[in-house]
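Chains as they are written, first to last, in this note's numbering: chain E, 142 to 255; chain D, -5 to 109.
For the record, the hints were derived by calculation from the structure and aren't laboratory data. These figures come from a predicted structure and were not determined experimentally. The beta carbon of each residue, even a glycine, is placed where N, CA and C say it ideally should be. Among these hints, one or two may not hold up.
With beta-carbon atoms standing in for the labels, derived distance ranges [to be verified]:
1. D:Phe33 to E:Thr146: 17 to 23 Å
2. E:Thr159 to D:Ala66: 42 to 48 Å
3. D:Ser9 to E:Gln149: 37 to 43 Å
4. D:Glu46 to E:Glu193: 21 to 27 Å
5. E:Glu170 to D:Gln54: 36 to 42 Å
6. E:Gly226 to D:Gly(-5): 36 to 42 Å
7. E:Gln149 to D:Glu81: 38 to 44 Å
8. D:Leu20 to E:Asn203: 22 to 28 Å
9. D:Glu53 to E:Lys196: 40 to 46 Å
10. E:Thr252 to D:Gln54: 46 to 52 Å
So you can see what is in the structure, the chains are spelled out below.
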Amino acid sequence: AQTVTQSQPEMSVQEAETVTLSCTYDTSESNYYLFWYKQPPSRQMILVIRQEAYKQQNATENRFSVNFQKAAKSFSLKISDSQLGDTAMYFCAFSIQGAQKLVFGQGTRLTINP
Amino acid sequence: GAVVSQHPSWVICKSGTSVKIECRSLDFQATTMFWYRQFPKQSLMLMATSNEGSKATYEQGVEKDKFLINHASLTLSTLTVTSAHPEDSSFYICSARLAAQNTQYFGPGTRLTVL
Chain E
142 AQTVTQSQPE MSVQEAETVT LSCTYDTSES NYYLFWYKQP PSRQMILVIR QEAYKQQNAT
202 ENRFSVNFQK AAKSFSLKIS DSQLGDTAMY FCAFSIQGAQ KLVFGQGTRL TINP
Chain D
-5 GAVVSQHPSW VICKSGTSVK IECRSLDFQA TTMFWYRQFP KQSLMLMATS NEGSKATYEQ
55 GVEKDKFLIN HASLTLSTLT VTSAHPEDSS FYICSARLAA QNTQYFGPGT RLTVL
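One chain only, chain E, in its complex shape (with noise of 0.2 Å):
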């Protein structure tokens, strides 16, 4: 069974500063993808960035970045820059290609203080 795991449940910056949050996942596949959502307290979930397993190149998307370790089954997120508006959960998540669902992490509760 595919699993992820966030190990952080809840984490705090200062404005501007830089901030990562840690996703690991659990799969025998080879071929999938990976996503960091946001949810914001209006709760709509929001797509911040995917990866592709098959690239090397780590996605990037303006303050927003990944560390893609495939072999260490290692997905965290980097967030530049952080602004008061970053503040949001964050789910980890992740699907093999072919199938459909999302099997998303616990979440991590990221807060910006000004």
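We have chain E; now place chain D onto it with these hints.
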């Protein structure tokens, strides 16, 4: 792009009544949509996978006769909570899968309160 709407955003109903929630992909077609339930401070729990033109696939422990799903078009899936009871009160979220990206995009959610 990849916008998903959900309606209503919140609903209050009496125990024993049925409630329908709509999920629409606004700018893409989705043969597959998903329905989740989220309890406070918890992750999303997949209830069922909605497939256009065919029966939904329910996760273990989800009562298909209670949570009716219809996916009649490539842009619309509906979840009907039948004979709702207070324990059905929750936050329900839908998503639509953009196949070209193998990515799910989520609706804004519906808060259901059953009195």
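Do the hints match the structure? See the list:
Against the hinted window of 17 to 23 Å, the Cβ-Cβ separation of Phe33 of chain D and Thr146 of chain E comes to about 19 Å, which satisfies the hint. Distance hint check for Thr159 of chain E and Ala66 of chain D: the Cβ-Cβ separation is about 47 Å, which falls inside the suggested range of 42 to 48 Å. Judged by the Cβ atoms, the range 37 to 43 Å given for Ser9 of chain D and Gln149 of chain E holds: they are separated by roughly 40 Å. Evaluation of the 21 to 27 Å hint for Glu46 of chain D and Glu193 of chain E yields a pass: the beta carbon distance comes to about 25 Å.
A C-beta distance of roughly 21 Å is found between Glu170 of chain E and Gln54 of chain D, which places it outside the suggested range of 36 to 42 Å. Checked against the given bound of 36 to 42 Å, the beta carbons of Gly226 of chain E and Gly(-5) of chain D, roughly 21 Å apart, lie outside it. Take Gln149 of chain E and Glu81 of chain D: their Cβ atoms lie about 31 Å apart, and the range 38 to 44 Å is violated. The hinted window of 22 to 28 Å between Leu20 of chain D and Asn203 of chain E holds, with their beta carbons roughly 24 Å apart.
Distance hint check: the CB atoms of Glu53 of chain D and Lys196 of chain E are about 30 Å apart, inconsistent with the given range 40 to 46 Å. A hinted range of 46 to 52 Å for the beta carbons of Thr252 of chain E and Gln54 of chain D is inconsistent with their spacing of about 35 Å.
This entry does not satisfy hints 5, 6, 7, 9, 10, going by the numbered hints stated previously.
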